[in-house]
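Residue numbers (the working numbering), protein chains in the order written: chain Y, 1 to 345; chain Z, 1 to 345; chain H, 1 to 345.
Read the hints as simulated data drawn from the structure, not as lab findings.
Hints may contain errors.
To be verified - Some but not every residue of chain Z turned toward chain Y, in silico, with C-beta under 10 Å:
no., residue
1, Q127
2, V258
3, P313
4, A317
Claimed, not checked - Calculated pairs, DSSO-like style, for lysine-lysine (alpha carbon to alpha carbon, straight line, at most 30 Å):
no., chain 1, residue 1, chain 2, residue 2
5, H, K332, Z, K332
6, Y, K342, Z, K342
7, Y, K332, Z, K53
8, Y, K197, Y, K155
9, Z, K301, H, K301
10, H, K301, H, K202
11, Y, K301, Z, K332
Given the structure is predicted, the values throughout are model-derived calculations rather than measurements.
Glycine included, C-beta positions come from ideal geometry on N, C-alpha and C.
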Amino acid sequence: MSADPTLTLQQLAALVGGQLYFGGATPPPLEIRGVASVAEAAPDEVTFLGNLKYLPALRRSQAAAVLVAEDFAEQVTPVLIRVPNPSLAFARLVAHFAPPPVSFAPGIHPTAILGEGVQLGAGVSIQPFTVLEAGVSVGEGSVVGAHSYVGQGAKIGAGCLLHPRVTVEARCVVGNRVILHAGVVLGSDGFGFENDKGRHVKIPQVGIVQVDDDVEIGANSTVDRARFGRTWIGAGTKIDNLVQIAHNVVIGKHCLIVAQVGISGSTRLGEYVTLAGQVGVAGHLEIGDRVVVSAQSGVSKNLGPNALYMGSPAVPALEYREQVAHLRRLHKLAERVQRLEKPPA
Amino acid sequence: MSADPTLTLQQLAALVGGQLYFGGATPPPLEIRGVASVAEAAPDEVTFLGNLKYLPALRRSQAAAVLVAEDFAEQVTPVLIRVPNPSLAFARLVAHFAPPPVSFAPGIHPTAILGEGVQLGAGVSIQPFTVLEAGVSVGEGSVVGAHSYVGQGAKIGAGCLLHPRVTVEARCVVGNRVILHAGVVLGSDGFGFENDKGRHVKIPQVGIVQVDDDVEIGANSTVDRARFGRTWIGAGTKIDNLVQIAHNVVIGKHCLIVAQVGISGSTRLGEYVTLAGQVGVAGHLEIGDRVVVSAQSGVSKNLGPNALYMGSPAVPALEYREQVAHLRRLHKLAERVQRLEKPPA
Amino acid sequence: MSADPTLTLQQLAALVGGQLYFGGATPPPLEIRGVASVAEAAPDEVTFLGNLKYLPALRRSQAAAVLVAEDFAEQVTPVLIRVPNPSLAFARLVAHFAPPPVSFAPGIHPTAILGEGVQLGAGVSIQPFTVLEAGVSVGEGSVVGAHSYVGQGAKIGAGCLLHPRVTVEARCVVGNRVILHAGVVLGSDGFGFENDKGRHVKIPQVGIVQVDDDVEIGANSTVDRARFGRTWIGAGTKIDNLVQIAHNVVIGKHCLIVAQVGISGSTRLGEYVTLAGQVGVAGHLEIGDRVVVSAQSGVSKNLGPNALYMGSPAVPALEYREQVAHLRRLHKLAERVQRLEKPPA
Chain Y
1 MSADPTLTLQ QLAALVGGQL YFGGATPPPL EIRGVASVAE AAPDEVTFLG NLKYLPALRR
61 SQAAAVLVAE DFAEQVTPVL IRVPNPSLAF ARLVAHFAPP PVSFAPGIHP TAILGEGVQL
121 GAGVSIQPFT VLEAGVSVGE GSVVGAHSYV GQGAKIGAGC LLHPRVTVEA RCVVGNRVIL
181 HAGVVLGSDG FGFENDKGRH VKIPQVGIVQ VDDDVEIGAN STVDRARFGR TWIGAGTKID
241 NLVQIAHNVV IGKHCLIVAQ VGISGSTRLG EYVTLAGQVG VAGHLEIGDR VVVSAQSGVS
301 KNLGPNALYM GSPAVPALEY REQVAHLRRL HKLAERVQRL EKPPA
Chain Z
1 MSADPTLTLQ QLAALVGGQL YFGGATPPPL EIRGVASVAE AAPDEVTFLG NLKYLPALRR
61 SQAAAVLVAE DFAEQVTPVL IRVPNPSLAF ARLVAHFAPP PVSFAPGIHP TAILGEGVQL
121 GAGVSIQPFT VLEAGVSVGE GSVVGAHSYV GQGAKIGAGC LLHPRVTVEA RCVVGNRVIL
181 HAGVVLGSDG FGFENDKGRH VKIPQVGIVQ VDDDVEIGAN STVDRARFGR TWIGAGTKID
241 NLVQIAHNVV IGKHCLIVAQ VGISGSTRLG EYVTLAGQVG VAGHLEIGDR VVVSAQSGVS
301 KNLGPNALYM GSPAVPALEY REQVAHLRRL HKLAERVQRL EKPPA
Chain H
1 MSADPTLTLQ QLAALVGGQL YFGGATPPPL EIRGVASVAE AAPDEVTFLG NLKYLPALRR
61 SQAAAVLVAE DFAEQVTPVL IRVPNPSLAF ARLVAHFAPP PVSFAPGIHP TAILGEGVQL
121 GAGVSIQPFT VLEAGVSVGE GSVVGAHSYV GQGAKIGAGC LLHPRVTVEA RCVVGNRVIL
181 HAGVVLGSDG FGFENDKGRH VKIPQVGIVQ VDDDVEIGAN STVDRARFGR TWIGAGTKID
241 NLVQIAHNVV IGKHCLIVAQ VGISGSTRLG EYVTLAGQVG VAGHLEIGDR VVVSAQSGVS
301 KNLGPNALYM GSPAVPALEY REQVAHLRRL HKLAERVQRL EKPPA
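Can you build the whole structure from these sequences, using the hints too?
Okay, here's the thing in structure tokens:
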């Protein structure tokens, strides 16, 4: 990471309200040019120790300085800067050294293609090679990234950021301050067929996708339109990369859906649900509020609220851990049975 | 969903051949503007009860009316419309209230870039910012969506719908009436390397992808070209979103491949195979006709035809269910062994 | 596959240094037009038998000729060509019959949009509808595919091939001879949020993605930018389709990451690591050099080097295989305990 706003150690300590510690010597005239993790830091970078498990790595670190807790008492090469909360202080330094965020000037790029009756709010930025079909609306201050496609009659709210190459198909509705990363597809057809004499005949998927305010959806994730009505992502929910949301799924507010999760048709999640990476959820289920499902689990039944579930099929965490423990002891159990069958003479 | 073609209750009942039931009172002068699921329905929408497990939700539903079976005898708020088959009748209403499908006018958008010798059938629609490289052909009535790319010499049949942002790489062959959703990639290189003194050297992937008639492939799914010959998707097969098909895979006719499935190189599926969500299949296997593999299973061996398989590694369903049942009783088995070892005095 | 450079059987045998075998008869005047697998071969194609398990398929094959080992002694329909190493000889034929690779002429397509200060090396090919934002550099001889987007200040090295529709977001750095397949996203935001009174507040992701020389990344795979510093893919590593690499992950040199793998934030892989299809790896882990993790496994702990791991949670292969074996015998163990409890009279 580039680091224009160079700091001396003294300036850096002042910025985070920390105490420099040199072990009695004169402070070296170091110039700090950036931030990095313990393992990655270069000799002109500052790092932090948020967890003592990284102490061995810190001993090998090339960092110029390290933010540590006030009671830190180990001998390490980097200059110590003692602060009440190293993680928090580090976040402040990350912000200091961050390059200015990329901004997109308001205006409609001359290559953009706008259909009839497109409505654009004040200050929108329509980037190169976008297609906004007839009847699309985009709210105040939103950015529609290069190569994005917004289908007939779709609505994008205010303050949204569509990264390059997003597809929002016809009639879908996106709220305010929504972030859609590159390659997201909203409104592809749900996977629904009827068998007619051995052929799979497509069931029309005439519903929409509705994405509420403050949702973020990760790169190359896909959300299918409803068979009828809507597939619905509740406000404040955050979805990671390569996630699949099937038709008529309803996700409540403030959920966290980690990468490569798949949720099958018509399943409903409550609020504050967390699905860890690669979880799969079967169709037509109800997942209660504040449920957490651990990575790679497979959910095949309704899950009650306020609990942690693990495994495939997913069961309450305690039950899963017991299963795993028993499984690991299984060879011993088999030996015990053998001894019972043939007791030593 | 918007609902232009408003219906009175009487019109609605007539449309589905059902009997209105008001419990003796005069029918309310309701105007029905759309269809929705039991949980989602607004006071001007009609819903249906396809399964009695949704009866509690129906009691809380705001729907104006509900399609029910002829023997339905519960007391609920929505007006009842009794029909022989509520699901079927509902499908008719979905079609009635559906917005007109988006259509793409025939013609070549002026921004499209066509290479030498491109052949276009009658009535094709080539959308904005498409690239058709030299020697491409597109059959009668097909739509090539915005931002799509069709590589050198690739062939697209008649009556196809390529949604926006589809990539069909060089020389691939797509049949008739094929639907490719946004972000599909056909013809990326197969994942093949030879180790040469510690470096992975690319094995040329010179084959193609062949997609036969009436196939549908979901958003952001990927199908690699063959090392030589072809990766082949048989007629009538339907593939969901985010599916990975490796090089030289052969999928028979009329299969269903659900979201996030991955099929490794050179594996061959028979006809009417169903792979449920997130299934993984190892390479160089044979999967028999009409095999069903349940969600998240991992297939590591050939599978005989006409059977259901579950688990990772996948085994016949009965064997899997016994394993799971035994696993759940494992703590009891351990207790029983303990009692045998130390019988109560 | 088309086969322009037709060969007679004699020419073909000469090309691979093999011995034609006709069982005493006159060689048929066959013209060989292409290569194919045993099952796929047409009557004018040559195939090979690399493994005796394909012998039954060879008996049903329509191939004109087959490359076999020198000691092959079975009776089959195709003409035999005996060679020391059938696989190697076949690779030579694949190369012979391969169509000329698609090439992209140097130059900047008139539709490409180049921001201020873009620097292009000699012989680059900038394809239609690409966007190169301000400050981008592209090294000598690289191809940037149609509809690709390269964000502000990003750097692409020399000799790279970006297939159509690749997204490299701002400030990311790509080395030399890197291949990025269609739909790849480099530099989407890492999935990081802090909970502030029940709302998930975005943690700025200000780092980059760094991809070193000779890396290949498959279609629709995603690599998130670091929270700070870099997400880093080491030289010579090959990544398959639909893979997710989270923020601050570090992948060593010469790894193989198979399709649909997901690696969570800040995990570090050593060199020559192989993760098979659909593997998931939790965050903040260390995976040693030359580790192999089998398909669908879930890694939840650090893994020592030079070993094979299996299962979810992943354990050493021997332990996993014992678990599976015990699990399969579990019903028998239960029966044995029952007999101990109630011995036959």
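For each hint, the structure was consulted:
1. Because the smallest distance between the Cβ of Z:Q127 and any Cβ of chain Y comes to about 8 Å, under 10 Å, the interface hint for this residue holds.
2. Given hint, Z:V258 at the interface with chain Y, holds; its Cβ is 7 Å from that chain's nearest Cβ, closer than 10 Å.
3. Taking 10 Å as the C-beta cut-off, the interface hint given for Z:P313 is violated, the closest approach to chain Y being about 13 Å.
4. Annotation: Z:A317 was flagged as interfacial toward chain Y, and the flag is violated, the nearest CB pair being 13 Å apart, outside 10 Å.
5. Under the criterion of a C-alpha separation no larger than 30 Å, the hint pairing H:K332 with Z:K332 is consistent with the structure, at around 15 Å.
6. Of the supplied pair hints, the one linking Y:K342 and Z:K342 holds, its CA atoms being roughly 16 Å apart against a limit of 30 Å.
7. Straight-line distance between C-alpha atoms of Y:K332 and Z:K53 comes to about 44 Å, which puts the hinted pair past the 30 Å bound.
8. The hinted pair formed by Y:K197 and Y:K155 fails the criterion: a straight-line CA distance of about 40 Å is larger than 30 Å.
9. For the hint pairing Z:K301 with H:K301, the CA-to-CA distance comes to about 28 Å; that is within 30 Å, so the pair holds.
10. Of the supplied pair hints, the one linking H:K301 and H:K202 holds, its CA atoms being roughly 27 Å apart against a limit of 30 Å.
11. With a C-alpha separation of about 23 Å, the suggested pair Y:K301 and Z:K332 falls inside the 30 Å cut-off, and the hint holds.
Checked against the numbered hints listed earlier, the structure breaks hints 3, 4, 7 and 8; every other hint is satisfied.
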